[in-house]
Structure formats: C-alpha cells, structure tokens
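A.B. asks: One-letter residues, chain by chain:
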Amino acid sequence: MANVLAVLEVRNAVLRKGAAELLAAARRIADASGGTVDALICSVGPVSGSDGLGAAGADRVLTAQHAVFANYCPDGMAATVATLTNAYRAVVVAATATGKDLAPRIAARIGAPCAMDVTVVDSRGESIRVVRPVYAGKALQTVDLAGTAVVAVRPGAYAAVPAGKAGTPAVVTVPAFTKRLDVTGIRTSDKAALDVAEARVVISGGRGLGDPKHFALLEELAAAFGGEAAVGASRAVVDAGWAEHGAQVGQTGKTVSPELYIAVGISGAIQHLAGMRTAKVIVAINRDKDAPIFKIADYGIVGDLFEVVPALTAAVRVAKAH
Amino acid sequence: MAGSAEYTGVDFYDVDGLLSEEERAVRDTVRSWVDEQLMPVIGECYIEGRFPRQLIPGMAELGLFGANLPEEYGCAGLNNVAYGLIMQELERGDSGIRSFASVQGALVMYPIFTFGSDEQKKHWLPRLAAGTDIGCFGLTEPDFGSNPGGMITTARETADGWLLNGVKMWITNGSQATVAIIWAKTGDINDVNSIRGFIVPASTPGYTGKDQKGKLSLRASDTSEIHLQDVHLPKNAILPKSGGIKSPLMCLTQARYGIAWGAVGAAMACYDEARRYAISRIMFGKPIGQTQIQQQRLADMLTEVTKAQLLVLQLGRLKDQGKATPARVSLAKRNNVSAACDIAREARRLLGANGILVEYHSMRHLANLESVYTYEGTHDMHSLILGQEITGLGAF
Amino acid sequence: MKIAVCLRRVPDTTAKIVIAGSGTVIDETGVKFVPNPYDEYAIEAALSLKEKAGGGETVVVALGGDAVQETMRTALAMGIDRGVHLHGTPSPDGLENARVLAEHLRGAGYDVMLFGKFAVDDCGQQTGAMVAELLELPCATAVTKLDIAAGRATVEREVEGGIEQAACALPAVFTCDKGLNNPRLPSLKGIMAAKKKPLEVTPVAPGAGSVTVAALALPPERAAGRIVGEGAAAVPALMQLLTTEAKVI
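Residue numbers (numbering that gives the first Met the number 0), protein chains in the order written: chain E, 0 to 321; chain D, 0 to 395; chain C, 0 to 248.
It is possible that part of the hints are untrue.
[Said to hold, decoys possible] Once the Cα atoms are required to be at most 20 angstroms apart in a straight line, the calculated SDA-like pairs of lysine to any residue come out as: (1) E:319 to C:240; (2) E:288 to D:358; (3) C:246 to E:227; (4) E:178 to E:67; (5) E:319 to C:246; (6) E:288 to D:280; (7) E:288 to D:72; (8) E:294 to C:15; (9) C:246 to E:178; (10) C:188 to D:72; (11) C:31 to D:8; (12) E:279 to C:218.
[Claimed, not checked] Quick list of simulated restraints, FRET-style, between CB atoms: (13) D:10 to E:175: 58 to 64 angstroms; (14) E:175 to C:30: 45 to 51 angstroms; (15) C:236 to D:15: 46 to 52 angstroms; (16) C:15 to D:319: 32 to 38 angstroms; (17) D:358 to E:187: 58 to 64 angstroms; (18) C:168 to E:175: 15 to 21 angstroms; (19) C:29 to E:160: 40 to 46 angstroms; (20) E:240 to C:29: 29 to 35 angstroms; (21) D:322 to C:201: 41 to 47 angstroms; (22) E:187 to C:17: 39 to 45 angstroms.
It is worth saying that the hints were derived from the structure and are not from the lab.
Since the model is a prediction, treat every value here as computed from it, not as a measurement.
Glycine is no exception: its CB is placed at the ideal position from the N, C-alpha and C atoms.
Make a model of the complete structure from these sequences and hints.
C.D. replies: Shown next as structure tokens:
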C-alpha cells in the first residue's frame with residue numbers, strides 16, 4: 000500500500016497555490032494501491048487557504064507548528080518530514096524554488112532517491128515510476144524509484160481533481176533540529192508579482208523587440224490578462240541585459256508549462272524551445288515567417304509586433320471584460 | 000533573425016580530432032569571446048566605419064596578442080597551430096579584428112622579438128602583449144606596394160641618432176598606434192640591403208598618422224597613412240638584428256601564415272550562415288536547400304572549407320617543426336583567401352536579398368576578403384612566388 | 000579560504016539530442032561536451048571569493064570517467080588551483096553520487112563548497128543540497144548573490160515573486176544560479192598553465208542506488224501549427240481560436 004505525504008508550501012501564513020494540484024499527483028500514486036494521502040503544513044499558526052485540502056484529496060492534514068516557520072526553514076522542515084517518512088512510500092513536493100530546495104534535503108536525510116521536476120507520476124509495483132524532462136526538455140526520462148522516494152512535481156503537470164476526502168486534522172511534533180540556514184525574509188520584487196514558472200499565461204520577448212523599453216508592450220499585454228500572466232524573455236535579451244535572468248525561459252533559464260505561451264519577436268533557438276515546448280498552447284508573433292518558432296507554435300501571426308501586440312492587448316482586455 | 004543561432008564551427012573531416020586538447024581549448028575560448036564580445040557590435044562598427052577599440056583590453060586579457068611568443072615577455076607561449084586557430088576564430092568574426100591582432104603580433108611584436116635588442120624586447124613586448132601599447136607596421140608606400148624594396152623612406156644617421164623621412168600607406172592601426180615599426184633605407188636609395196627597422200613612438204615629433212577615408216572594405220579596422228617628416232630618433236631606436244629587405248619579408252611571412260588561417264574562419268562563417276539559411280528559408284513551398292542549385296553551392300563551399308582547414312593545419316605543424324618555408328606559406332595564403340572569397344560570394348548569393356544586409360555576415364566578409372586577397376602579397380604575387388619556387392625562374 | 004567547486008561534464012546546450020540504441024542514454028557521437036553552464040558560475044564565484052580574500056586555495060572536484068579531466072582543465076584554465084578527479088561511473092541515483100562527493104569533501108577543510116544549480120543533462124538539481132545534508136552543513140541553493148565576511152555568508156536566491164534572503168555560518172554549501180556573476184573565459188596563458196596544475200586521481204565506486212532509468216525518449220513532436228494571418232488584422236481570428244478552439248482565454 001503506497002501512502003503518500005504531500006509537503007505543502009506556506010508563505011506569510013498563506014498556503015501557496017498549487018496545493019490542490021500536488022494532492023492530485025499524490026492521489027495518483029496512492030490510489031493505485033489503496034493508499035492514503037496526508038498533507039503536511041509547516042507554519043507558525045493557522046494558515047489561510049488550507050480549508051479545502053480534504054476536498055482536494057488529503058485524507059489527513061498534518062500541521063507542524065513552530066516559531067521558526069515564520070520564514071522558510073529548510074532544516075526544520077526536512078527534520079520534521081524525516082520523522083514521518085516510515086509511514087510513506089513517497090514524499091511529494093511542488094517543484095517550485097522552495098520545493099526544489101527542500102526535496103533533496105529530505106531525500107538525503109532519509110536515504111531516499113529524489114526525482115526533480117516530474118511531469119508524470121505512477122505507482123508501479125514496489126516502485127514509483129516518474130517521467131521527467133532532461134536535457135532541459137529535449138528528452139524525457141522514465142525512471143523507477145525503489146523504496147521510499149522523494150518526488151518534486153512540476154507545477155502545471157497535474158490539474159486539481161475533486162476527491163472528497165476527509166482532510167482530518169492531526170498535529171505532528173517538530174523534532175529538535177539545528178537551524179543551519181537562516182532565511183531572513185523575502186524581498187518582493189516590485190515588477191514580477193508572478194513568476195514565469197507559475198503563471199497561467201507567459202508572454203516572452205526576444206531580440207525582435209529591438210530595445211529593452213519595448214518590454215512595456217508585453218507588460219501591458221500581461222496586465223490585460225488580469226494578474227495571471229507573467230513576462231518572460233529569451234536568453235539573447237537576458238544576456239544583453241534587457242531583462243532580468245529570473246525571466247529567462249529556456250535551457251539555462253526556466254522551463255515553463257503554462258496554458259498559453261505567447262512568443263513575441265523570438266526566433267526560437269533550440270535552447271529556448273526546450274524551455275517552453277510543454278506549454279499547452281503556443282502563439283508566435285514574428286516578422287520573419289521562416290522563424291523556427293512557427294514550427295512549434297499552434298498559432299502564428301506574421302507581422303510587425305509593434306502593431307500586433309497592442310491590437311492583441313486591446314482584444315484581450317475586451318474578452319476579459321465580458 | 001540572423002546570428003541568433005549559436006555558431007558551432009564547421010568540421011566535416013573531424014579536424015578537431017587532429018588538434019590537441021590545448022589547441023581545442025584555445026579555439027573554444029576565442030570563439031566564445033568572439034560570440035560574446037565581437038558579434039553583438041561588429042555590424043554597427045562596420046556601418047559606422049569604426050574599429051571596436053573598447054575590445055582591446057579584453058583581447059589583451061585573453062592573451063590574443065603575440066600568443067606564439069614566449070611567456071617571459073608576457074605572452075602565452077602557444078604553438079603555431081593554436082596561434083592559427085586564434086586567427087581563424089577572430090576572422091570568423093571580422094577580418095578587420097583579425098588584422099588588428101595580426102599586426103600587433105606578427106608585424107610588431109614578432110620583429111621586436113626577432114630583430115630587437117634584449118632591452119627593446121623587455122621594454123616593448125610586455126606592453127604590446129598587454130595592449131597598453133598598440134603597434135603598426137610601416138613598410139608599404141604609396142608607390143611601392145608589391146615591390147617594397149623600392150621604398151624611398153630614408154633613415155639618415157646623425158650625430159646622436161637617426162633622422163627619418165618618408166610616407167607609408169595602407170597601414171593597419173596606423174592612426175591609433177602608439178608605436179610603429181618603420182622600415183627605411185639607411186644607405187643608397189637603390190640599396191635594398193640597407194633597409195633597417197626602427198621603433199618609432201607615435202608621439203615623436205614629425206610623426207603623423209591619419210585615417211584613409213572612403214573604404215568599402217575592412218570598415219571595422221583603421222587603415223592609415225603615416226607621414227614621417229624629420230623624425231629624430233635616438234641611436235637605440237634601430238632594430239639591431241634587422242638587415243635588408245629580407246627582414247620585413249620575414250615579418251610578412253608570419254602575418255601571411257595567420258591570414259591563411261584567418262581566411263578559413265571567414266569561410267566557415269559564410270558557409271555556416273548559408274547552410275542555416277538554406278534549410279530554413281522557404282520558397283515555392285520548400286526550403287531553398289532542397290534545390291539542386293543550392294545543394295551544389297553548399298557542396299562546393301564545404302569542400303573548399305575542408306581543404307583549406309587541412310592545408311593550414313599541416314602548414315602549422317610544419318611551422319612548429321621550422322619547415323614552413325615562405326613558398327609554403329604563400330601557397331596557403333593564396334589558396335585559402337581565394338577560396339574564402341569564392342565561398343563568401345556564393346553565400347551572399349544564396350542568401351538572396353537578405354544577403355546584402357549587415358544583419359547577415361556574408362557580404363561583410365566578402366567585402367573584407369577583397370582586401371585580404373590584396374594585402375600581404377596579392378594573390379598574383381603569391382602566384383609568382385610559387386612560380387619561382389616551381390621553376391627556379393623569377394618572373395616578378 | 001579553501002574553496003571546492005564540484006564540476007560536471009555535460010553536452011553543449013546547443014547539442015541535438017539523439018537517443019542511443021539502448022533507449023536509456025543519449026548517443027554521444029559527435030556531441031561536444033562542456034563544463035556544465037551553472038558550474039561556471041560556481042567556478043567564477045570561487046575565483047572571485049579567493050581574489051577578494053587575497054589568498055586561499057580553489058579546488059575543482061569532479062566525478063566521472065577519463066573524459067571529465069578535459070572539463071576539469073577548463074576550470075584550471077579559468078584559474079582554479081588544482082583538481083581532484085574522483086574516477087568512477089556516476090550512479091543514476093543522485094544520492095549515491097552525493098555520498099561519494101561528501102566522503103571526499105568531509106574533513107578536507109573546505110570553508111566553501113560550490114555547485115551549479117543543476118546539471119543541464121540530467122537536470123537532477125539535488126547533489127549540492129544532498130552533500131550539505133550528508134556533511135550536516137548549512138546549504139543555500141540557487142543563489143544569485145553570495146557575500147562572505149567574517150566567517151558568515153549572506154545570500155539571495157530567487158523564489159516565485161521575490162528574492163529570498165538568507166544567512167549562514169561557514170563552512171557551507173552553495174549552489175549557484177545564473178545572475179550570480181559573469182564567468183570569465185579561460186585566458187590563453189591559463190590554458191597553457193592548466194596542464195601543469197596538479198590533478199589528483201582517486202578511484203571511487205558510487206553505489207547502484209535506488210534509481211533505474213527505464214527509458215529515455217524524445218518528447219512528442221508538437222502537431223504542426225498554422226499561421227493565422229498577417230499583421231494586426233489577424234488578431235480577431237487569433238482571439239477566436241484562443242477562446243473557442245484552444246479555450247485558454
């Protein structure tokens with residue numbers, strides 16, 4: 000029986016988005032063998048947004064409370080999870096910046112294998128079988144993990160599924176641990192409220208923008224989507240200093256799987272394509288009709304981005320207003 | 000967009016397998032430097048007719064100047080193949096940048112190293128290697144190009160030194176140089192054996208360098224005229240071991256060696272651009288690379304690139320064994336520059352109308368290579384050098 | 000300050016991936032291998048930390064077969080002082096590799112141990128943090144800023160929607176992200192000096208671990224898309240498709 004522990008992410012006493020999706024992935028492993036799914040929340044006190052976890056698939060909701068969890072505390076979280084893992088076949092986290100930081104720490108503490116950025120999870124006999132992009136998405140690796148495994152599931156890989164579980168609350172004790180890393184806080188960047196890796200819509204700009212100031216066009220289009228879009232960039236423009244590296248999509252940047260990816264003035268170098276080819280829908284806007292980006296785009300518009308993008312922004316605003 | 004895909008070289012015959020690990024590492028580091036520093040600015044510099052001066056400190060830091068000279072003078076101490084690979088990669092970017100490095104290394108540092116006193120070597124070589132001094136080479140004159148022995152620049156011995164008078168032309172780096180190697184006759188105007196080299200700081204009164212305007216080639220390189228009017232030099236300005244026309248010709252052999260490699264780089268760039276374009280450009284519903292005429296173009300280009308690569312590699316191995324005779328160097332310069340010109344022209348044509356834009360590189364290379372074809376011994380002069388080597392009969 | 004940089008040899012990011020006959024690894028024929036790009040940030044960080052400290056030693060540590068030595072020499076050419084080649088075949092289980100590295104790093108007196116954020120081949124993104132856990136040392140992953148003063152490190156790392164700030168005592172492990180610095184190119188003198196620098200080879204044997212690679216495959220090709228039209232006039236048609244066909248707006 001494969002029981003699964005889903006370690007959820009909390010920031011400022013608010014549950015981070017993606018918890019329901021992670022529980023859906025957890026259920027996929029557990030349900031194959033009649034196992035259960037427990038959610039774990041490490042926090043200082045009550046956490047808002049945690050009410051619906053039973054409905055989203057948690058049989059139990061474990062809370063580990065400690066003053067140290069005011070900020071992300073990888074040492075405390077890894078130590079807490081390590082006390083629980085005997086009961087589980089798999090520990091799942093979301094493959095966010097935090098989840099990817101935490102997963103290998105847990106794995107090393109409990110002597111388990113760790114699979115990062117997983118897009119498919121399955122239970123397979125005594126193993127967990129996962130599929131994960133390697134070579135930055137240029138290939139997919141199918142891996143069997145024996146024994147207890149730690150799996151970081153890529154955001155967007157699973158959609159939330161109503162499961163109607165009890166979500167029974169339970170309290171777990173935070174063991175004694177050494178706080179080796181002291182996270183002092185998060186400086187919210189004024190610009191990118193939403194990260195390209197977690198946005199439903201990503202609008203990326205490349206050299207075709209001609210000048211860094213023209214990113215404003217993309218910001219406007221993103222704003223038209225009403226807080227669910229983030230602005231990304233190709234490596235060429237990040238290297239040229241037009242955009243911050245955190246916005247870079249591609250092999251040496253972020254790999255994204257949004258529902259909608261709009262590539263503006265991006266020719267489509269192989270490294271860039273590797274970072275966004277798993278988007279559900281790809282739209283390309285480029286003046287060069289032979290640009291490689293059109294080969295993988297679902298919909299393309301050939302033309303001057305300075306005309307097309309404002310027109311699209313206006314159209315999205317209208318659509319969103321309805 | 001042109002140039003957005005990363006350049007990975009051209010190696011059809013696994014020439015890489017004939018290179019040592021250090022040679023490959025040298026090639027890779029210069030290739031990366033060209034990608035990161037030169038390619039983003041070269042188009043603009045070319046249009047504006049400006050040498051990218053801001054790149055000199057970075058080039059010096061990498062050790063690109065006089066890289067085949069010994070470490071004791073602040074140089075990298077590379078073998079001649081690695082040196083050639085530097086020239087290849089620089090010219091993949093632009094012939095003008097390679098010319099800059101060729102002049103600094105082969106035409107300024109090399110003569111000081113070969114003909115200079117210990118004191119001159121110790122003073123000048125580290126400064127030139129570090130790029131704190133920029134050199135130029137004054138041999139050619141307005142009326143004496145292919146026949147430098149006819150020069151009329153003179154150096155007269157005075158009580159306390161030398162007095163130089165004359166005009167030099169087509170001098171790469173001439174206007175930005177802080178020091179010039181000037182070749183002048185110390186004896187009778189008809190005596191080619193009286194030609195000696197002099198180290199002339201550009202700050203010396205009577206020395207002026209001015210840019211030649213109106214170039215349609217090598218636009219990202221400074222080409223200048225140097226006027227020497229009663230230039231007084233101290234006694235120790237002479238390169239003591241220089242003697243006769245043979246001395247500057249030895250320098251030219253060094254430079255031509257680098258040019259033979261450089262031309263391969265330009266050819267590789269043009270072939271690579273043409274190949275990428277041929278497979279991505281759609282016309283009549285299919286890539287133009289799927290037509291016989293473009294395939295023949297590409298097949299010819301690749302064949303010539305590969306031959307040129309193998310030619311310079313063996314020449315480099317010979318040079319490391321002390322067997323790169325001037326005639327052998329002539330053959331490589333003659334063949335490779337000519338092949339590069341042809342490849343650049345065919346690449347330009349394959350690119351269609353896009354090929355005339357600075358955004359693509361083939362036409363810039365093509366225009367540059369016309370100078371490279373002409374300088375350091377024109378193609379025709381190398382035919383005569385080879386002709387003499389073959390027959391034993393001079394036909395100059 | 001004594002600094003270790005753990006280095007991986009990976010295919011060049013421009014390489015086209017071809018699956019080998021076994022169906023579990025790539026075909027390496029004609030593939031150019033380079034230092035892992037994120038490890039170059041680690042190398043640069045090591046060099047600049049040493050330069051700032053005005054002394055110390057930098058060591059590149061790499062696990063792999065013979066070929067990894069060429070990659071290590073790139074680090075030496077960039078300025079790293081010496082190399083330790085842990086000669087063996089890496090395990091598909093990252094924890095096993097971390098154990099081998101930790102065994103070497105333990106007790107070797109390193110103040111700072113640097114890794115790349117991840118290797119662009121297997122994208123495992125775990126070795127650095129695992130090594131830190133095994134050594135019971137502080138660890139910050141994916142740092143974009145690393146300052147060291149008076150035996151303490153302050154770091155920044157990108158998280159969704161912000162920059163996380165953290166601090167720890169040394170010795171510590173850091174994994175380096177793009178943005179931390181601009182790696183220098185190896186100079187020609189550095190390349191020549193690299194072959195004279197010490198490179199010690201120690202045989203190691205990572206365990207089999209708990210990971211089995213069942214298959215490696217190319218991702219499914221995306222179905223060919225279509226050009227909706229030209230210029231701003233095509234926007235209404237695009238909107239129609241996005242709302243009714245693709246249903247993403």
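A.B. asks: Compare the structure with the hints numbered earlier in the document and write down the numbers of the violated ones, lowest to highest.
C.D. replies: 7, 9 and 17
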